[in-house]
Amino acid sequence: MPDVLIADDSEFMRNLLREILEEDHNIVGEVENGVEAVEVYKEQHPDLVMMDIVMPIRDGIDATDEIKSSNPDANVIMCTSVGQEEKMKEAVRAGADGYITKPFQKPSVMEAIKDVVPS
Amino acid sequence: MKVDIESLGTFNKLAHEGAEAATASLTQMTGIDATVDVTKITLVNREEVGEELEGRNFAGVQFGFAGALEGETVLLFDAESVGTITDALMPGMDESMAESGVKEIGNIMMSGFIDGWADYLEATIDHSPPAYIEGAGSSVIPEPPTDAEYDQAFVFKSEIEWVGESVNFYIYMLPEYDPLAGLMADHAANQDDAIPIDKLGVFNQMTTQGTEKAADNVEMMTGIPTESEVSRISFAPIEDVPKQIGDDTYVGTVVEFTGVPSGFLMVLFDEQSAVNVAEALMPTESPGEGLTDQHKSAIEELGNIMTSGFVDGWANVLQTSVEHTPPKLVHDMGRSIMDPLAAQVGQHQEHAFIIDSEMKTDEIDFRSEIHALPNEQELRQALEDLRVDRADETDADVEKIFEQ
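Taken in order, these protein sequences are the chains called A and B. In terms of my numbering, the numbers along the first sequence are unbroken and rise by one, the last being 125. In terms of my numbering, the numbers along the second sequence are unbroken and rise by one, the last being 445.
Mixed in with the good hints, there may be bad ones.
[What the hints assert, rightly or not] In the EDC-like style, the derived pairs of lysine to aspartate or glutamate whose C-alpha atoms are separated by at most 20 angstroms in a straight line are:
| id | chain 1 | residue 1 | chain 2 | residue 2 |
| --- | --- | --- | --- | --- |
| 1 | A | Lys-120 | B | Asp-135 |
| 2 | A | Lys-74 | A | Asp-121 |
| 3 | A | Lys-120 | B | Glu-280 |
[What the hints assert, rightly or not] Label-pair distances were calculated between CB atoms; the ranges are:
| id | chain 1 | residue 1 | chain 2 | residue 2 | range |
| --- | --- | --- | --- | --- | --- |
| 4 | A | His-51 | B | Gln-385 | 31 to 37 angstroms |
| 5 | B | Asp-380 | A | His-51 | 46 to 52 angstroms |
| 6 | B | Gln-385 | A | Lys-48 | 47 to 53 angstroms |
| 7 | B | Gln-385 | A | Lys-112 | 48 to 54 angstroms |
Hints are computed from structural coordinates only; laboratory data are not their basis. Glycine included, each C-beta is placed from N, C-alpha and C at the ideal position.
This is chain A alone, in the form it adopts within the complex (with noise of 0.2 angstroms):
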């Protein structure tokens, strides 16, 4: 099963993304901020990371563009309640593979995963 890192803020949309993956995906973590998303992909080294756009400390554009520095075979999906076109422009600017908008149900993001990550 692919290893995923789920980074958002939001308690409960880390809950309902858990959900959604954990029977096809090994959760690897759950982080609430940019930096430690950072910090996870670094030890963890995930096969996916679910991130979010808006979070405290540092964003997930930021936090998409260091982990996608380090390695640029990372695959990031954004999964954001963000749907402003510049945004998503800054989004693709920064390396991530897929955009999911929230609200969202398991089939479109299982197809966002499939898209992003082959089994």
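Using the hints provided, position chain B relative to the given structure of chain A.
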């Protein structure tokens, strides 16, 4: 056509002073001690005028006015307070005399309301004889003046509080759009801070779309059909802003947004709605009574998603980005939530545009309000930059962006 902030402020002050003159007449006639709580100018979709009155019965007077300003105006009393008012005027009135009494009180009050406008405009404003009206909710509000070009209407609304009693009176003035916009443009003192009034209407439509998106998000997360109900943009003195939310207790989120415009955005639920919607969000029932930590976490995330639904459309149409802080959970009286935010915005401006939206569902007891308090100067800049031909482009195409 452009209006400047100063003339909007002057027109708001005229309406406020008119309401104070009307209230002074009421006090003089009845001995009832009342004060004007809030006066604001609102730009609202025609069919939504008076939505906030739903669920209550009113009596009052209506008349038309013509001259320097044209339109309709109405003075409304809560139906249950009519007896108290007419008793104060003349104890023991029968029903027909009471109706006549209300008409006369209304006539005198509304003359006071209109006269200040005529004096300021150095012109005459005539009004028709008063007509007694009674009814439920927004049905007591006259149809806003029709104008083929605009779906929206300017409404001047004053709330008058009966001191020591939980009774409010309302004055609504619905002027015709073009003459009013023309008057405001003519009285613009300073073109440097002028607002393109037509774009304000377009921005209001974008806000309606933002509310619909936020309602869709609630529906998708909870499975409960949710409708966007009202969306409007108002203009009021900054010190009056907190009064508009009132003293009810709310649970919700506050975010600060930056970009053009910057400001604050609140997503608020009454306590019962907060519990109900949080329960609908959670896979299992939350242990514990009332609002639990799990409920609060769910509300925090819902507020976050609703905020994005609301502001993303602005960013996409304006081809910019609007950043916002993570949501901060609030649980307090509405006025207490708004006070510090208005104080912060008030460091740079005397008046504020307030964007208000409401949504509801019929399936469970659920209502939610969104209030945005943008920086006035930056909103003006955003309106200048707004390309009307992009007004429908509120949604971004994620697939297209990632394919490029």
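Evaluation of the provided hints:
{"no.": "1", "hint": "A:Lys-120 / B:Asp-135", "verdict": "77 angstroms, violated"}
{"no.": "2", "hint": "A:Lys-74 / A:Asp-121", "verdict": "18 angstroms, holds"}
{"no.": "3", "hint": "A:Lys-120 / B:Glu-280", "verdict": "53 angstroms, violated"}
{"no.": "4", "hint": "A:His-51 / B:Gln-385: 31 to 37 angstroms", "verdict": "43 angstroms, violated"}
{"no.": "5", "hint": "B:Asp-380 / A:His-51: 46 to 52 angstroms", "verdict": "48 angstroms, holds"}
{"no.": "6", "hint": "B:Gln-385 / A:Lys-48: 47 to 53 angstroms", "verdict": "38 angstroms, violated"}
{"no.": "7", "hint": "B:Gln-385 / A:Lys-112: 48 to 54 angstroms", "verdict": "41 angstroms, violated"}
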